[in-house]
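What follows is each chain in one-letter form.
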Amino acid sequence: MSYRLPEGHQGRREAFALITITIITEIFLSIPQKLAVDGKSAAWIIILIAGALSFVGLYFILALSRRFPGKTIVEAGEEAVGPFLGTIAALAYFIFFMASLILFLRQFSETIITAFLPQTPISVITAGFLVVIIYSTYIGLEAISRTAGLLIGFIIGSLALITVLLIPFMVASYNLFPFWGSGPDIVARLGATRTSLFGEILIVGLIAPLLSGKELGRVGITSLAAAIGIMTFVEVIYLIIFPLPASAVFTFPLYSGARLVFIGRFVQRIDAIFVFVWIITALIKLAATMYASAAVLARALKLPVFRPLVFPLGILVFAISFTIPSFPDAVTIDSRYLRTYGWIPAFLFPALVYLVAVLRKKGGRGSDLAQSNS
Amino acid sequence: MGFWSFLRRLLTVDDSIIDETFSLGYRPLGERPDDDQWSPRHPDDEIPAAQAGLSGTSDAGDDGGKGSLFKKPTPLLGAKKEQAEQMSPEKALQQQVSTSLDVNLALIKTALRVPQNKDIIIREFVIGNPGVRAFTVYLEGISERNTVNFAILEPLMLLSYIEGPLPEEKNVFDLVKDKLLPGNQVKEHDKIQPLVQATLVGDTALFIDGQNKGLVIESKGWDRRSPDKPITEQVLRGSQEGFVETLRTNTTLIRRRLRTPALVTEIVQVGALSKVDAAIIYIDGIANPKLIDEVKRRIDSINTDFLPESSMLEDFIDDFPGSVFPGGMPTERPDRAAAFLAEGHVVILVDNSPFALILPATFFAMMHAAEDYYVKPLLGTFLRLIRAVSLFLALLAPAFYIAIANYHQEMIPTDLMLSIAASRETVPFPIILEVLLMEFSFELIREAGIRIPGPIGPTIGIVGALILGQAAVQASIVSPILVIVVALTALSSFAIPNLNLTFSIRVLRFGFILAASVLGLYGIALALFVLIIHLTSLKSFGVPYMSPVAPHRPSGDVITRIPLYQARRRPQFLRPLDDIRQGKINRPWDPSTDKDKKGGKDK
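For the protein sequence lines, the chains are A and B, in the order given.
Each residue of the first sequence is one higher than the last, beginning at 1 in our numbering.
Each residue of the second sequence is one higher than the last, beginning at 375 in our numbering.
Hints were generated in silico from the structure; no laboratory data involved.
Cβ atoms here follow ideal geometry from the backbone N, Cα and C, with glycine treated the same way.
Mixed in with the good hints, there may be bad ones.
[As the list claims (entries may be wrong)] If you want a taste of the chain A side facing chain B, the calculated C-beta under 8 Å gives, among others:
| no. | residue |
| --- | --- |
| 1 | G11 |
| 2 | A143 |
| 3 | R146 |
| 4 | R265 |
| 5 | F276 |
| 6 | F318 |
All chains, please: the whole structure from these sequences, using the hints.
See the structure below:
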């Protein structure tokens with residue numbers, strides 16, 4: 001039985017933009033600060049190590065998709081390890097995406113309050129986000145990824161612009177030393193767990209049926225590489241601008257950077273412009289994770305459509321995001337749980353599924369033929 | 375009214391108002407057929423019911439009852455004529471042409487509602503020497519008088535003598551058709567309907583006594599506008615010709631620019647009440663056949679009574695009637711239509727409409743103007759950049775003003791903020807009301823400016839814009855900075871070349887104003903995202919609306935305008951059959967011509 005949710009076309013460039021944006025949006029939140037706390041001046045090395053290790057995870061996702069062509073990781077998992085374990089893996093993916101969505105939504109809503117609308121209740125902000133995300137997810141993945149493809153230039157451009165505008169503040173390149181920060185062993189261990197930062201690469205496994213195997217590999221590798229590059233770059237800039245004690249206290253590191261910009265009397269408070277771009281970036285990420293959650297759930301439940309799930313999931317996200325008592329709690333949960341153990345659903349499960357598939361000789365060319373006969 | 379008659383009115387009961395009521399009345403219940411089964415009907419179409427009356431055939435000796443025992447009595451000619459006179463017009467249209475001229479005359483008169491209908495001219499005369507009676511039918515005003523006089527009546531009445539005595543009756547028709555009618559298009563029909571239909575478009579119908587066929591001679595000619603400057607898409611440099619209301623003139627304007635046998639003009643008729651000609655134009659071998667078929671399929675499926683304009687055709691065939699964005703690109707410029715045809719688009723022309731419809735529509739093509747290509751590439755790029763900025767200003771300027779003045783005052787430099795605050799100090803309204811007031815009055819000026827009769831239009835513009843604006847500022851109803859913002863917005867919206875797109879942006883602006891007044895910049899960002907998602911989800915005739923940017927297709931013709939010699943390929947989102955536009959090296963004499971770079975860029 002093979003059914004496909006109607007998800008439209010997917011171009012290579014659009015998929016690349018979608019995945020890259022979904023991953024890098026994390027740096028708008030407190031992740032650079034958390035890394036600075038943990039890794040000290042070597043925080044950027046953590047990202048590099050984590051990124052390098054993520055490629056191993058990506059390899060298994062891609063291998064799984066190639067072994068079961070025309071199927072997403074959910075269906076591939078069910079075929080490889082059986083319906084029961086396969087559904088457990090799918091639920092793990094679902095929980096990962098939902099957690100990412102909820103925590104990001106909560107934290108970013110708080111950012112909006114800080115940056116834009118200090119007197120607005122958070123529920124209004126979150127509801128505004130959710131209405132737009134639900135609308136976008138209803139429209140579908142095709143439009144979301146095309147929007148990502150359309151806007152990625154602006155997003156990277158805004159990061160480049162802020163870098164250029166911050167050049168006057170990059171005076172202390174010695175902030176990057178001592179090179180190993182809190183010590184090579186700690187940095188390496190953190191690097192291993194922080195692969196969770198790149199967990200959203202799992203989307204590659206969801207759009208697999210829409211791209212050919214070769215294209216998928218290219219998309220996965222380039223987008224992961226681009227995301228690692230951008231995140232490392234931002235972390236380095238952050239560390240250079242804010243010396244260590246300072247860099248460990250900012251809640252919204254990138255926003256704090258944007259607030260610094262001062263060129264003459266006219267260009268002094270342009271952070272709002274950047275936050276404007278970041279809101280749109282965040283919306284792409286939120287819509288993508290919302291889509292991923294709904295699509296994984298729909299496929300795990302063998303529903304022919306995912307759209308009826310979107311609205312209930314939206315309500316669920318809204319409710320859960322307010323069960324977190326406070327903003328610092330959200331930051332802590334994000335850093336201590338999601339971005340520490342996120343690699344288990346995102347990378348370990350696909351790898352295990354793939355290995356089981358190889359051991360049980362499921363998938364590949366043989367089973368494909370068998371399936372087309374049955 | 376005098377006092378006494380007033381008193382009398384008070385003292386009398388007058389219910390004459392009830393007597394004078396006039397009403398068109400209501401259709402009795404049950405007469406109207408079910409909505410699902412209803413299809414628009416030409417008033418003259420045959421009513422599908424068993425009908426008695428004249429048998430369809432014309433010969434008096436022929437009848438339908440071949441197998442029956444009793445022969446139906448053949449009506450005499452006089453009786454037939456009488457029957458034709460009393461027949462309903464729709465039935466008359468269905469009849470065959472009779473051998474009797476009198477019956478034909480009666481049928482034509484019935485079908486065309488003569489004598490009430492004064493446009494119809496019926497001229498009876500005699501052909502040739504022994505003399506065969508004949509008559510012509512044509513319409514005053516849309517048939518050309520000279521053609522009728524000198525190419526139809528003169529040869530038949532006078533020159534027929536040159537042929538000598540007329541041959542026997544059955545050969546008269548061929549003689550007339552082959553030797554006596556110098557018209558360039560002559561067709562024969564044996565039913566009343568096509569003959570009548572032909573007279574309605576300006577041709578002349580000829581009936582000859584004893585012949586059961588009629589002739590249609592081309593004699594179209596009416597007062598028409600000659601190609602004039604386009605009104606909505608003017609250029610400084612470039613062709614100054616615009617489409618007109620005559621379909622044939624318009625097809626000529628395109629064909630004159632594209633002299634290739636591959637340019638195909640298919641004509642279909644749309645509408646049951648008035649069969650309006652619509653031309654589907656494409657270049658065979660370039661335009662994607664699937665696109666052509668889809669356009670034809672959608673136009674063929676139109677089931678309506680009357681189609682006066684190409685914009686109404688757009689209503690019937692576009693992909694997203696619920697969206698504010700136009701589903702087809704209207705243009706008034708034949709050069710632009712020809713350029714799009716050469717890229718693989720399909721163009722639709724509707725008779726009586728000076729706007730061609732280019733399909734499929736894409737957003738960026740609507741942001742381009744013909745002039746971009748008529749100036750040097752760098753300057754064309756500059757024009758497009760200005761237009762891109764103007765698009766954002768037209769859409770977002772008032773919204774940004776509201777957001778910044780209401781929520782994010784810290785964004786503006788202190789001096790500017792102070793001056794805004796000072797100018798707003800005397801204004802009693804909240805900012806959102808002020809903006810809505812100004813935007814509304816601007817829309818009012820624009821709408822009134824179009825509707826007001828010509829000579830006073832500009833006056834109203836000046837009164838509205840200058841005096842009203844000035845007075846409003848002096849009366850402290852609006853702040854001067856807001857007047858600047860609104861004026862800038864208005865100017866920017868006029869910089870968008872496509873009229874329909876301008877309209878969409880105008881409407882969307884109010885949405886952004888609302889979003890900004892509720893949630894500030896955050897609201898604008900949300901609204902912008904929704905707009906972009908909406909735009910990227912649209913498809914016009916299978917082509918994504920935001921092509922070639924999302925989805926990305928390599929093209930140097932979006933915001934930039936690359937030199938034409940580098941534009942080697944046709945737009946790939948159209949999937950043309952032949953996507954190579956020109957050779958790789960177009961400037962072989964140019965020492966800077968880099969063979970590898972050429973074509974490589976858009977490969």
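Against the structure, the hints come out as follows:
Interface restraint check for A:G11: the shortest CB-CB distance to chain B comes to about 4 Å, inside 8 Å, so the restraint holds. At its closest, the beta carbon of A:A143 sits 4 Å from a beta carbon of chain B; the interface hint therefore holds under the 8 Å criterion. Interface restraint check: A:R146 against chain B, minimum CB-CB distance 4 Å, threshold 8 Å, status holds. Because the smallest distance between the Cβ of A:R265 and any Cβ of chain B comes to about 6 Å, under 8 Å, the interface hint for this residue holds.
For A:F276, the interface hint holds, the least distance from its beta-carbon to any beta-carbon of chain B being 5 Å, beneath 8 Å. Interface hint at A:F318: violated, since its Cβ lies 15 Å from the closest Cβ of chain B, which is beyond the 8 Å cut-off.
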